[in-house]
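Novice: First to last, the protein sequences are chains A and B.
With the first letter of the first sequence counted as 1, position 94 gets the number 88 in the working numbering; the numbers rise by one all the way through.
So the mapping is simple: the working numbering equals the position in the second sequence, first residue as 1, plus 27.
Simulated from the structure, these hints should not be mistaken for laboratory data.
Mixed in with the good hints, there may be bad ones.
Stated by the list, open to error - Using 25 Å as the maximum straight-line C-alpha spacing, the simulated SDA-like pairs for lysine to any residue come out as follows:
{"no.": "1", "chain 1": "A", "residue 1": "Lys276", "chain 2": "A", "residue 2": "Val24"}
{"no.": "2", "chain 1": "B", "residue 1": "Lys181", "chain 2": "A", "residue 2": "Glu199"}
{"no.": "3", "chain 1": "A", "residue 1": "Lys276", "chain 2": "A", "residue 2": "Thr11"}
{"no.": "4", "chain 1": "B", "residue 1": "Lys181", "chain 2": "A", "residue 2": "Lys120"}
{"no.": "5", "chain 1": "B", "residue 1": "Lys181", "chain 2": "A", "residue 2": "Arg189"}
{"no.": "6", "chain 1": "A", "residue 1": "Lys276", "chain 2": "A", "residue 2": "Phe301"}
{"no.": "7", "chain 1": "B", "residue 1": "Lys181", "chain 2": "A", "residue 2": "Glu198"}
{"no.": "8", "chain 1": "A", "residue 1": "Lys315", "chain 2": "B", "residue 2": "Met82"}
{"no.": "9", "chain 1": "B", "residue 1": "Lys181", "chain 2": "A", "residue 2": "Phe210"}
{"no.": "10", "chain 1": "A", "residue 1": "Lys315", "chain 2": "B", "residue 2": "Ser124"}
{"no.": "11", "chain 1": "A", "residue 1": "Lys315", "chain 2": "B", "residue 2": "Arg158"}
{"no.": "12", "chain 1": "A", "residue 1": "Lys276", "chain 2": "A", "residue 2": "Arg319"}
{"no.": "13", "chain 1": "B", "residue 1": "Lys181", "chain 2": "A", "residue 2": "Thr238"}
{"no.": "14", "chain 1": "A", "residue 1": "Lys315", "chain 2": "B", "residue 2": "Gln163"}
{"no.": "15", "chain 1": "B", "residue 1": "Lys181", "chain 2": "A", "residue 2": "Val192"}
{"no.": "16", "chain 1": "A", "residue 1": "Lys120", "chain 2": "A", "residue 2": "Gly153"}
{"no.": "17", "chain 1": "A", "residue 1": "Lys315", "chain 2": "B", "residue 2": "Lys181"}
{"no.": "18", "chain 1": "B", "residue 1": "Lys181", "chain 2": "B", "residue 2": "Arg104"}
{"no.": "19", "chain 1": "A", "residue 1": "Lys276", "chain 2": "A", "residue 2": "Thr157"}
{"no.": "20", "chain 1": "B", "residue 1": "Lys181", "chain 2": "B", "residue 2": "Arg93"}
{"no.": "21", "chain 1": "B", "residue 1": "Lys181", "chain 2": "A", "residue 2": "Ser185"}
{"no.": "22", "chain 1": "B", "residue 1": "Lys181", "chain 2": "A", "residue 2": "Phe187"}
{"no.": "23", "chain 1": "A", "residue 1": "Lys315", "chain 2": "B", "residue 2": "Leu160"}
{"no.": "24", "chain 1": "A", "residue 1": "Lys315", "chain 2": "B", "residue 2": "Asp139"}
{"no.": "25", "chain 1": "A", "residue 1": "Lys315", "chain 2": "B", "residue 2": "Arg201"}
{"no.": "26", "chain 1": "B", "residue 1": "Lys181", "chain 2": "B", "residue 2": "Gly69"}
{"no.": "27", "chain 1": "B", "residue 1": "Lys181", "chain 2": "B", "residue 2": "Arg201"}
{"no.": "28", "chain 1": "A", "residue 1": "Lys120", "chain 2": "A", "residue 2": "Thr150"}
{"no.": "29", "chain 1": "A", "residue 1": "Lys315", "chain 2": "B", "residue 2": "Val32"}
{"no.": "30", "chain 1": "A", "residue 1": "Lys315", "chain 2": "B", "residue 2": "Leu156"}
{"no.": "31", "chain 1": "A", "residue 1": "Lys276", "chain 2": "A", "residue 2": "Ile252"}
{"no.": "32", "chain 1": "B", "residue 1": "Lys181", "chain 2": "A", "residue 2": "Asp207"}
{"no.": "33", "chain 1": "A", "residue 1": "Lys315", "chain 2": "A", "residue 2": "Val24"}
{"no.": "34", "chain 1": "B", "residue 1": "Lys181", "chain 2": "B", "residue 2": "Val32"}
{"no.": "35", "chain 1": "A", "residue 1": "Lys315", "chain 2": "B", "residue 2": "Arg104"}
{"no.": "36", "chain 1": "A", "residue 1": "Lys315", "chain 2": "B", "residue 2": "Gly162"}
{"no.": "37", "chain 1": "A", "residue 1": "Lys315", "chain 2": "B", "residue 2": "Asn121"}
{"no.": "38", "chain 1": "B", "residue 1": "Lys181", "chain 2": "A", "residue 2": "Leu318"}
{"no.": "39", "chain 1": "A", "residue 1": "Lys276", "chain 2": "A", "residue 2": "Ala4"}
Note that this is a predicted model, so its numbers are computed, not measured.
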Amino acid sequence: MNSRILMMEAGRVLVGTLVCALVLPFIVDVHTATLLTIYAMLALSLGFIWGFGGILCFGQAAFYGLGAYTYALAAINFNGAWAAFALAILVPAVFAGLLGALMFYGRLSDVYLAVVTLVVTLILFKFFNSTAGPTYRIGEARLGGFNGIPGFPTLTVPGDPGTYIYGAGLFYFTIALLALVYLGLRLTLLSPFGRIIVSLRENEERTELLGYDVRFYKSAAFALSGGLAGLAGCLFANWAEIVTPGLFSLGQSAEIIIWVIVGGLGTLIGPMIGAALLGYLKFVLGHQSAVDNSFIMGVLLIVVVLFLQEGLVPTVARFMKAGLRRPSSKKSRRQRRRKRAVSNAG
Amino acid sequence: MPGEVVLETNGLTVRFGGVTAVDRVDFALRERELRCLIGPNGAGKSTFFKCLTGMLQPSDGQVYLRGEPVSGLGPHRLARLGVGIKTQVPSVMNGLSVHENVWLAARRRSGDANAGTLQALEAVGIADLRRELVGQLSHGQRQLVELAIVLAAKPWLILLDEPAAGLSGEEVERMVGILRGLVEHATLIVVEHDMHFIRQIAETVTVFHQGRVIAQAPVEDVLEDPLVRDVYLGRSL
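Work the whole structure out from these sequences, hints included.
Specialist: Now the structure itself:
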């Protein structure tokens, strides 16, 4: 990969991030904008593994929840939020890598893979729900059962342990991280590793016949995706200042899949936009009680699947491309007039 | 001229439940030999191929590459040992460009992957298609893309399953030229039904029938073999 491509990608991401960072707080309050950014990160983690690796994971919420819980538990025990931050990425990544290795080296097919990831999420949900009481603790931290873990130390400014990152600071930190993750994934997809991941989606058999150990590459991509979901979970823990077993819920898992489908599978931008739009819609719908939230989400998914099968971003991109190719009406009128003149002259 | 034996199978057997697709096949191939496998549909040729590439594990028997037993190794391990296969239905990455498809194979070898890619594309005569999406190409062009993928990895043992299927007359002639060039530095096994094509490329033919090798001889002798004519070519030939 040459430095020109790198600079161009970085430039695009920087402009996009600055626009979002400046515009979003004018549309929604900073608190909500932070949550939408976290959702975008979570959707991006699934968008990468599903849209580019062709691996549909029904349990992205498992890694998200693990990231959040790891942060909370480590922050209480280590009394140092940045070590907890690193662990919140590492633990879900290792967990996803091991789970992935178990499935991919076991040659599980797509359907069974979806079932296994779903079941793992359910197990974690059930487990963390049943950890009430003083028996369930890791070091100083109690797991807290269905009440979860509140009151853990949140991130502080590096070098200044007394200054917490919250409010607008947390929003800018989150959106900067999202930009870095997006850029990192773009560059990963341009790298040999990324190309192999995409070739796996396209034709696993041929990729293997070329001498690539597909089990290893799939496990590695799964670990990367799990780590990113863990990062989103960690940021959520810092935003909410409490973690509960609800993070592992089936509803959460389904929601991530809907974000990716609506935004556009096979793109990195699509899942982020899908997550932000639907997250915002959920926020708006939360202010009314006439219609159930889940009902509207379900209807929306059906509409997208039926009428916008590629998802929002690819559909809009296609229309824009078609619009650019079509000559402007003024120009085409001029062309028609010239043709008429030529034929009359003939 | 063919050299020492580089591929050997002893009693190779593949069973699918009660069906024996490959039945105790003993097969040997010398270095830089081009051997054609023929036989009616369902004779076990493709299954035999899949055993040689690790895509299928034999129920019994062993495969030896340069004297080393390789049964039980996965396709990626055998590919790294220098085995390349072009499958019956082009196995390519439809969503990627021609260049990306071939590049993924070329980078497995040491050296400049882009140069290796271009070399393979030029060898099969599709360098001008390198920016095209493979999914948008014709069947014949995808056959050539797959062949370029195989060549880019520079294998020493090349297995080609019906390389002339779906090709136009001109493309078949080009394929004949490519295979004749390949045998200068690689060992080839070609599964084919087109006897005209086989006559142009092979000296020795192995005939499969119901999972077994029923004949192995020079092309013209095989064509005269009454058993082969009976089970495959038809009596009226």
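Novice: Indicate, hint by hint, whether the structure satisfies it.
Specialist: Here is how each hint holds up against the structure:
1. Lys276/A <-> Val24/A: Roughly 16 Å between the alpha carbons, so the hint for Lys276/A and Val24/A holds.
2. Lys181/B <-> Glu199/A: holds, 19 Å
3. Lys276/A <-> Thr11/A: holds, 23 Å
4. Lys181/B <-> Lys120/A: violated, 53 Å
5. Lys181/B <-> Arg189/A: Given pair Lys181/B, Arg189/A holds - Cα atoms ~20 Å apart, limit 25 Å.
6. Lys276/A <-> Phe301/A: holds, 21 Å
7. Lys181/B <-> Glu198/A: With Cα atoms ~20 Å apart, Lys181/B and Glu198/A stay inside 25 Å; holds.
8. Lys315/A <-> Met82/B: violated, 42 Å
9. Lys181/B <-> Phe210/A: holds, 23 Å
10. Lys315/A <-> Ser124/B: holds, 20 Å
11. Lys315/A <-> Arg158/B: holds, 19 Å
12. Lys276/A <-> Arg319/A: With Cα atoms ~37 Å apart, Lys276/A and Arg319/A exceed 25 Å; violated.
13. Lys181/B <-> Thr238/A: Roughly 55 Å separates the two Cα atoms, so the pair is violated.
14. Lys315/A <-> Gln163/B: holds, 19 Å
15. Lys181/B <-> Val192/A: holds, 23 Å
16. Lys120/A <-> Gly153/A: This hinted pair is violated, its Cα atoms lying about 39 Å apart.
17. Lys315/A <-> Lys181/B: Outside the cut-off at roughly 40 Å; violated.
18. Lys181/B <-> Arg104/B: Holds, at roughly 15 Å.
19. Lys276/A <-> Thr157/A: At roughly 32 Å apart (the allowed maximum being 25 Å), Thr157/A and Lys276/A break the hint.
20. Lys181/B <-> Arg93/B: Given pair Lys181/B, Arg93/B holds - Cα atoms ~17 Å apart, limit 25 Å.
21. Lys181/B <-> Ser185/A: Answer holds: Lys181/B to Ser185/A is near 22 Å, not above 25 Å.
22. Lys181/B <-> Phe187/A: Distance ~21 Å between Lys181/B and Phe187/A Cα, so the pair holds.
23. Lys315/A <-> Leu160/B: holds, 18 Å
24. Lys315/A <-> Asp139/B: violated, 35 Å
25. Lys315/A <-> Arg201/B: violated, 38 Å
26. Lys181/B <-> Gly69/B: Since the Cα atoms of Lys181/B and Gly69/B sit roughly 30 Å apart, the hinted pair is violated (cutoff 25 Å).
27. Lys181/B <-> Arg201/B: holds, 19 Å
28. Lys120/A <-> Thr150/A: Violated: Lys120/A and Thr150/A sit about 32 Å apart, past 25 Å.
29. Lys315/A <-> Val32/B: violated, 58 Å
30. Lys315/A <-> Leu156/B: Between Lys315/A and Leu156/B the Cα gap is close to 23 Å, so the pair holds against 25 Å.
31. Lys276/A <-> Ile252/A: holds, 13 Å
32. Lys181/B <-> Asp207/A: Satisfied, since the Cα-Cα distance of roughly 18 Å is no more than 25 Å.
33. Lys315/A <-> Val24/A: violated, 34 Å
34. Lys181/B <-> Val32/B: holds, 20 Å
35. Lys315/A <-> Arg104/B: violated, 44 Å
36. Lys315/A <-> Gly162/B: Within the cut-off at roughly 20 Å; holds.
37. Lys315/A <-> Asn121/B: holds, 22 Å
38. Lys181/B <-> Leu318/A: Not satisfied, since the Cα-Cα distance of roughly 43 Å exceeds 25 Å.
39. Lys276/A <-> Ala4/A: Violated, at roughly 32 Å.
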